[in-house]
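K.L.:
The chain contents come next:
2 protein chains.
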Amino acid sequence: MLALRNRFDDLKITGVDINENHCTKALELKIADEIKPFHEAIPAADLVILATPVNVMLKQLPETLELIDQSVVMDLGSTKSKLGKSVANHPRRSRYVAAHPIAGTENSGPESAFASLIKNKHMILCDRTLSDPDAYQLVEKISRQLEMRVSHMNSEEHDRHIAYVSHLSHISSFALGSTVLDKEKDEKSIFAMAGSGFSSTVRLAKSSSRMWAPIFTQNQDNVLNALDAYINKLQYFREIIANGDENNSSRLMDDANDIRRILSGIDNS
Amino acid sequence: MLALRNRFDDLKITGVDINENHCTKALELKIADEIKPFHEAIPAADLVILATPVNVMLKQLPETLELIDQSVVMDLGSTKSKLGKSVANHPRRSRYVAAHPIAGTENSGPESAFASLIKNKHMILCDRTLSDPDAYQLVEKISRQLEMRVSHMNSEEHDRHIAYVSHLSHISSFALGSTVLDKEKDEKSIFAMAGSGFSSTVRLAKSSSRMWAPIFTQNQDNVLNALDAYINKLQYFREIIANGDENNSSRLMDDANDIRRILSGIDNS
Numbered sequence: 004m005l006a007l008r009n010r011f012d013d014l015k016i017t018g019v020d021i022n023e024n025h026c027t028k029a030l031e032l033k034i035a036d037e038i039k040p041f042h043e044a045i046p047a048a049d050l051v052i053l054a055t056p057v058n059v060m061l062k063q064l065p066e067t068l069e070l071i072d073q074s075v076v077m078d079l080g081s082t083k084s085k086l087g088k089s090v091a092n093h094p095r096r097s098r099y100v101a102a103h104p105i106a107g108t109e110n111s112g113p114e115s116a117f118a119s120l121i122k123n124k125h126m127i128l129c130d131r132t133l134s135d136p137d138a139y140q141l142v143e144k145i146s147r148q149l150e151m152r153v154s155h156m157n158s159e160e161h162d163r164h165i166a167y168v169s170h171l172s173h174i175s176s177f178a179l180g181s182t183v184l185d186k187e188k189d190e191k192s193i194f195a196m197a198g199s200g201f202s203s204t205v206r207l208a209k210s211s212s213r214m215w216a217p218i219f220t221q222n223q224d225n226v227l228n229a230l231d232a233y234i235n236k237l238q239y240f241r242e243i244i245a246n247g248d249e250n251n252s253s254r255l256m257d258d259a260n261d262i263r264r265i266l267s268g269i270d271n272s
Numbered sequence: 004m005l006a007l008r009n010r011f012d013d014l015k016i017t018g019v020d021i022n023e024n025h026c027t028k029a030l031e032l033k034i035a036d037e038i039k040p041f042h043e044a045i046p047a048a049d050l051v052i053l054a055t056p057v058n059v060m061l062k063q064l065p066e067t068l069e070l071i072d073q074s075v076v077m078d079l080g081s082t083k084s085k086l087g088k089s090v091a092n093h094p095r096r097s098r099y100v101a102a103h104p105i106a107g108t109e110n111s112g113p114e115s116a117f118a119s120l121i122k123n124k125h126m127i128l129c130d131r132t133l134s135d136p137d138a139y140q141l142v143e144k145i146s147r148q149l150e151m152r153v154s155h156m157n158s159e160e161h162d163r164h165i166a167y168v169s170h171l172s173h174i175s176s177f178a179l180g181s182t183v184l185d186k187e188k189d190e191k192s193i194f195a196m197a198g199s200g201f202s203s204t205v206r207l208a209k210s211s212s213r214m215w216a217p218i219f220t221q222n223q224d225n226v227l228n229a230l231d232a233y234i235n236k237l238q239y240f241r242e243i244i245a246n247g248d249e250n251n252s253s254r255l256m257d258d259a260n261d262i263r264r265i266l267s268g269i270d271n272s
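Going down the list, the sequences are from chains A and B. Take 4 as the starting number for the first sequence in the numbering used here and just add one per residue. Take 4 as the starting number for the second sequence in the numbering used here and just add one per residue.
It is possible that part of the hints are untrue.
Since copy identity is lost for identical chains, a pair holds within one copy or between any two.
As the list claims (entries may be wrong) - Below, simulated DMTMM-like cross-link-like pairs (lysine to aspartate or glutamate); rule was C-alpha separation at most 20 angstroms, straight line:
id : residue 1 : residue 2
1  : Lys39     : Glu66
2  : Lys15     : Glu31
3  : Lys88     : Glu160
4  : Lys15     : Asp36
5  : Lys186    : Asp12
6  : Lys144    : Asp20
7  : Lys188    : Glu150
8  : Lys144    : Glu43
Don't read these hints as lab results, they were simulated from the structure.
Generate the whole structure from the sequences, applying the supplied hints.
P.N.:
Written out as structure tokens, the structure is:
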């Protein structure tokens with residue numbers, strides 16, 4: 004919202020949130036110009052942006068489509084197939100554009116907003132043929148005006164890939180944080196030795212369960228595939244270490260070093 | 004070395020490295036004033052700092068103790084028990100101080116050195132009673148002069164804790180990078196959607212296998228304990244997700260959020 008405001012001078016942003024503190028804060032931080040109830044705000048908007056946990060969105064998207072006429076609705080959710088299916092037969096499905104900006108932090112709430120978050124980040128737009136061309140083009144145009152890099156794919160591909168490069172990272176991080184916190188019950192000073200490497204790998208464990216629990220449910224099949232592949236890899240690594248097999252251990256790590264190729268692309272973006 | 008040089012004006016640093024490019028680079032970057040062969044450098048030094056992969060150190064530490072008289076030897080290795088045992092009966096064991104600075108990056112080689120790396124970081128000194136007081140105090144004093152925070156523990160505690168807060172992080176990160184790179188063979192564009200969260204969790208997968216393979220071997224028992232706890236946690240998380248059990252999934256994540264308490268300590272340091 005802050006990025007939109009910086010880019011478009013005459014924008015009027017109406018906020019809708021069930022949390023009153025968030026509403027007050029959003030006005031204070033000028034993230035919203037006004038706060039209105041859902042049923043008043045939606046019919047008056049030219050563009051509706053849904054940014055709630057994905058389980059709430061399943062209910063909210065059809066309700067939103069009921070309240071609009073020719074305006075455009077987009078979401079920012081991290082899973083796409085279930086949500087798309089929930090409105091597949093809705094008469095106003097084509098006013099909806101499925102979007103996922105690959106940008107976020109482990110923090111939540113209005114205080115976590117900052118305008119530079121999305122610049123140069125990827126905006127994934129899904130299922131182009133299911134949206135009216137004018138609706139899809141509007142979202143694409145705004146994304147480009149916010150200096151995002153736009154990609155197009157279908158929901159199934161989105162959900163399959165995002166399970167590996169986002170959902171699995173969160174699971175690995177939550178599980179790692181939880182494992183070491185469990186150990187802290189017996190070994191009080193265990194974290195005295197934690198450094199920046201540990202910090203980096205568990206950063207995502209600060210993320211909100213309200214946001215993530217429904218993501219894992221909605222993308223269950225893909226998440227389980229990714230998680231099984233990860234657990235298998237860890238079990239293989241475990242055997243190698245148990246056998247003192249430094250050749251295969253080194254080979255696994257040398258192969259994993261190829262991640263530099265990927266990370267230099269992300270870090271330069 | 005760069006931090007030592009900045010702090011102590013009249014320091015003469017003699018570099019020893021089997022890699023000739025590293026030697027040339029170290030002179031260029033003024034990390035070392037001169038390069039000498041091991042057998043010449045060690046007897047002439049007041050303080051010997053061993054900073055090689057831990058398997059090399061197992062051979063190098065006894066050899067070093069053979070070549071010194073009253074000078075002090077310290078290491079910077081990430082495992083402590085095995086190394087300590089390797090010189091337990093050496094007549095000059097008490098000139099050796101077991102040290103582990105909790106500071107490093109995923110990069111290696113002389114070009115990766117930067118002077119501010121260790122300021123405010125933890126320096127773990129182990130097995131105080133096995134070192135001569137003057138030797139231990141010298142290493143402690145230098146650490147404090149480099150503005151490090153010094154902790155004391157025995158080697159066994161060090162190795163048990165570091166398995167959880169460092170070695171396990173590296174394994175989780177190598178395995179995560181490797182899992183997604185495997186998937187890329189079928190899904191070419193999978194990394195197009197990777198963002199900063201993914202980047203953070205796999206950063207350590209860039210680390211050097213030459214450094215890490217022997218660490219996992221030397222700290223095998225503790226690493227396997229930590230890794231088993233982690234795999235168990237992931238399997239529990241998997242079952243929760245497979246059951247669509249968002250209550251227990253949220254509970255696991257809410258508990259893991261307590262990692263904020265730890266990370267604020269690290270990030271402020």
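K.L.:
Going through the earlier hints one by one, which of them does the structure break, listed in rising order?
P.N.:
5, 6, 7, 8
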